[in-house]
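Student: Here are the chains, one letter per residue:
Number of protein chains: 2
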Amino acid sequence: MSLLTSWVTSANTADAPFPLNNLPYGVFSTANSDPRCGVAIGDMILDVAAAEEAGLIALTDAPLFDVPFWNEVMEEGPKLWAALRTRLTELLAEGSPDQAELSDMLVAQSDADMHLPFLVSEFTDFYASKNHATNVGTMFRGAENALPPNWLHIPIGYNGRASSVVVSGTDIRRPWGQLKGPNDDAPRWAPSARFDLELEMGAIVGTFSDAPVTVAEADEMIFGYVLLNDWSARDIQAWEYQPLGPFQAKATATSISPWIVTKAALEPFRTDTPPREKDLLPHLQDCGPMLYDIDLQVTLTPEGKATSTIATTNYKEMYYSSAQQLAHHTTSGCPMNPGDLLGSGTISGPEKHQRGALLELSWGGKEPITLDIGEERSFLEDGDTLTLHGAAKGDGYTIGFGTCAGTILPALADPYKR
Amino acid sequence: MSLLTSWVTSANTADAPFPLNNLPYGVFSTANSDPRCGVAIGDMILDVAAAEEAGLIALTDAPLFDVPFWNEVMEEGPKLWAALRTRLTELLAEGSPDQAELSDMLVAQSDADMHLPFLVSEFTDFYASKNHATNVGTMFRGAENALPPNWLHIPIGYNGRASSVVVSGTDIRRPWGQLKGPNDDAPRWAPSARFDLELEMGAIVGTFSDAPVTVAEADEMIFGYVLLNDWSARDIQAWEYQPLGPFQAKATATSISPWIVTKAALEPFRTDTPPREKDLLPHLQDCGPMLYDIDLQVTLTPEGKATSTIATTNYKEMYYSSAQQLAHHTTSGCPMNPGDLLGSGTISGPEKHQRGALLELSWGGKEPITLDIGEERSFLEDGDTLTLHGAAKGDGYTIGFGTCAGTILPALADPYKR
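Residue numbers (numbering that gives the first Met the number 0), protein chains in the order written: chain A, 0 to 417; chain B, 0 to 417.
These are computed hints drawn from the structure, not numbers from a lab. Be a bit skeptical, because a hint or two may be false.
If chains are identical, the list can't say which one is meant, so a pair holds when it fits in one copy or spans any two.
Below, simulated DSBU-like cross-link-like pairs (lysine-lysine); rule was C-alpha separation at most 35 Å, straight line [claimed, not checked]:
1) Lys304 <-> Lys179
2) Lys277 <-> Lys365
3) Lys129 <-> Lys179
4) Lys304 <-> Lys129
5) Lys277 <-> Lys416
6) Lys129 <-> Lys392
7) Lys78 <-> Lys416
8) Lys78 <-> Lys392
9) Lys277 <-> Lys392
10) Lys129 <-> Lys416
11) Lys416 <-> Lys179
12) Lys179 <-> Lys277
13) Lys416 <-> Lys365
14) Lys392 <-> Lys304
15) Lys277 <-> Lys129
Next up, chain A with everything else stripped away, as it sits in the complex (with noise of 0.2 Å):
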């Protein structure tokens, strides 16, 4: 696979996020027009509403882009996602003989704003990188019980919120929460001050499915990925969390980016999950490569000041992929619907500026981590934008996720007190 080029010039560099190789689907709208469906290309999106209106995509018998979002492309399955992908190739080609009429529906992406990309049924959140939680574990359990007896054998996960689900450009309120250090005599009603990130990967599900499936039908059944922020208060967390699992720690928000990279385009950076320290039972065991080689970056921006990249790493890092954990999902014959939303969990490498989350990169605050202006952070502070990158890097050109990012806004005054 090398660069394909496209007549809308700006997608035909190496480094360009959104080449013809890609063609990422979001939703974005202008001061003229409502949200639509669009198609990333260059520095330009595709008004795909506008092309199949005027007859340049007409792969169904209803119209696929008269609503603004995804969904109904998803549930039309693997073949039209197929066809679909095609055929976009086809009319954004160099020497496509559509160009003429085509530019007229192109929008400048500077002159856009990004909504969410698909209506997110339900949302989990899983726990797969093993870096990530043998650290968090040590910090929450100690070195002895870091990783529980059954991580080696499920992804463990949860279910999230799908409500509190925000496209990438949305302003995070810091959350208000019940709190109790270790040495408190009773909780409390404060604002989070432990208030984090977390680096993920989303992995989008296109079908529907109501009894269990296997690693290569849960591959079959995933649309898309998206970087994911699954923004975390630690502190209503460590109060909260036993025994059923983090549940307003959580709630507050989590952020993805706007476009939906395919897994068609992601198809040249598969990977091998890392060698099994325990054999998995054969229905969670991988058959075939399926992690992506996908570089990942979370940049740290004080207000009015200058940026700061405080983790670098790869989706290639994950003990378990997408794939087996939807696998996972679905054993008991938990029903699964296009637009559920999978967060691979945080993203850690093994190495200290590899770590997917403050919490791990300042060791749950006790070894701050310092800016490159000078000041340190253990936890997020008002103010500060967090902006996720990530890109797989070809043979001379680029899949890029373009990025996710958010600006934590100081908690509000006490809600209960009117």
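Once you've looked at the hints, dock chain B against the given chain A.
Tutor: For chain B alone, coordinates are given in the frame of chain A:
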């Protein structure tokens, strides 16, 4: 409050579950009609979609009942809820001028199939009966650690899986799962051998919120209540639940009764939560009687055999009310939506026969219960039909919930042997 009389005479007895005082909301179909909204009265259902089409219900500009679910009514908010109840009471009261016309819009409940009465947006399950939490905690973690330190300060809950919610009468297929006994070297893949019920009430959120709400505001947001059975695979749960809570153990199915009993119908049965053992933070404190006096029963019917009552308890046994649970649910800014379903958690009284799950009734299988027919049960067996019953008893009238039933089907052959 006493029995209100209706021209539907089957509604006019002290034991009738659906008198004019009740008017619960459901969705039904018949051999001749697709699913549509209805209101139970006596042994009949009023087709409210037909009544609206005929102009007998005209509360909004746009139709309320052109869809087979009650979410649109919920979204209209408490004023509309009150107006609708007033209008339905007029229409169905003895002496109604519209009796003749409405008579043609009645369907016998025996001729109807019931469906989920609303689109479940998201499902949260709590753990708010102190007797249940103490019993389960003792079995899972020992008597010393039975009640987690946070339990008396927070209504502990976890996010469940909305896609798994089914209406009463849906058969429940015994799940497969990853199981590991304390003496096993490694987990194995097998059907659950410790499949259980959980007797709960479900509270249905009727309005939106995107900021912390008080207990009083939370109570106003609740549209109504149903019976709820959160089917639970105890062996899957025991192996998977640390550290992030139950996941596949609770994802096979959750059954709810088909009739939403409104908060208005339950108003005469309000009762206080039990005395607090530790003071709650102010935002979680009751501001009035927030529980309800509702008698609850569980019956078990082995295939082709006689029915036994295996548990008898009351909703007022809860330590936390649904309003307190919903208030806590919003503390971090978690957005809530119409159609969100909140399970109360298993409702257990202090006595052995008042326990709402076989896990507790049989003390983890160590003390099997004996059915009236002489058979023993530790956990559910294939062919067992479990039925929840609920009713609030007034002076000469009943506010019935109907039943919430499900029959256990045997596990399928290994879904991965194909």
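Student: Does each hint hold? Answer for all of them.
Tutor: Results for each hint:
1. In this assembly of identical chains, Lys304 and Lys179 lie within 35 Å of each other by CA distance solely inside one copy; the values are 33 Å within and 52 Å between copies.
2. Taking the closest pair of Cα atoms, Lys277 and Lys365 come within 35 Å of each other both inside a single copy (33 Å) and across two copies (32 Å).
3. Both within a single protomer and between protomers do Lys129 and Lys179 lie at most 35 Å apart by alpha-carbon distance, with minima of 28 Å and 21 Å respectively.
4. Taking CA atoms no more than 35 Å apart as the test, Lys304 paired with Lys129 passes inside one copy only; the shortest distance there is 34 Å, against 51 Å between copies.
5. Taking the closest pair of Cα atoms, Lys277 and Lys416 come within 35 Å of each other only across two copies (22 Å); inside a single copy the shortest separation is 53 Å, beyond that limit.
6. Taking identical chains as interchangeable, the C-alpha atoms of Lys129 and Lys392 lie at most 35 Å apart only when both belong to the same chain, with a minimum of 24 Å there against 55 Å between chains.
7. Proximity of Lys78 and Lys416 under a CA criterion of 35 Å is satisfied inter-copy only: 26 Å between copies versus 55 Å inside one chain copy.
8. In this assembly of identical chains, Lys78 and Lys392 lie within 35 Å of each other by CA distance solely inside one copy; the values are 27 Å within and 57 Å between copies.
9. When the C-alpha separation of Lys277 and Lys392 is checked against a cutoff of 35 Å, the pair qualifies only within one copy, where the shortest distance is 31 Å, while the shortest distance between copies is 57 Å.
10. For the identical chains of this complex, Lys129 and Lys416 are inter-copy neighbours only, at 30 Å across copies versus 43 Å inside a copy, given an alpha-carbon limit of 35 Å.
11. In this assembly of identical chains, Lys416 and Lys179 lie within 35 Å of each other by CA distance solely inside one copy; the values are 21 Å within and 49 Å between copies.
12. For the homomeric pair Lys179 and Lys277, the shortest alpha-carbon distance between copies (15 Å) is at most 35 Å, but the shortest distance inside one copy (37 Å) is not.
13. With identical chains, the CA atoms of Lys416 and Lys365 are at most 35 Å apart within one copy only, with a shortest distance of 33 Å there and 50 Å across copies.
14. In this assembly of identical chains, Lys392 and Lys304 lie within 35 Å of each other by CA distance solely inside one copy; the values are 29 Å within and 66 Å between copies.
15. For a Cα distance limit of 35 Å, the shortest separation of Lys277 from Lys129 inside one copy, 13 Å, qualifies, whereas the shortest one across copies, 39 Å, does not.
Consistency with the previously given hints is maintained throughout, with no hint failing.
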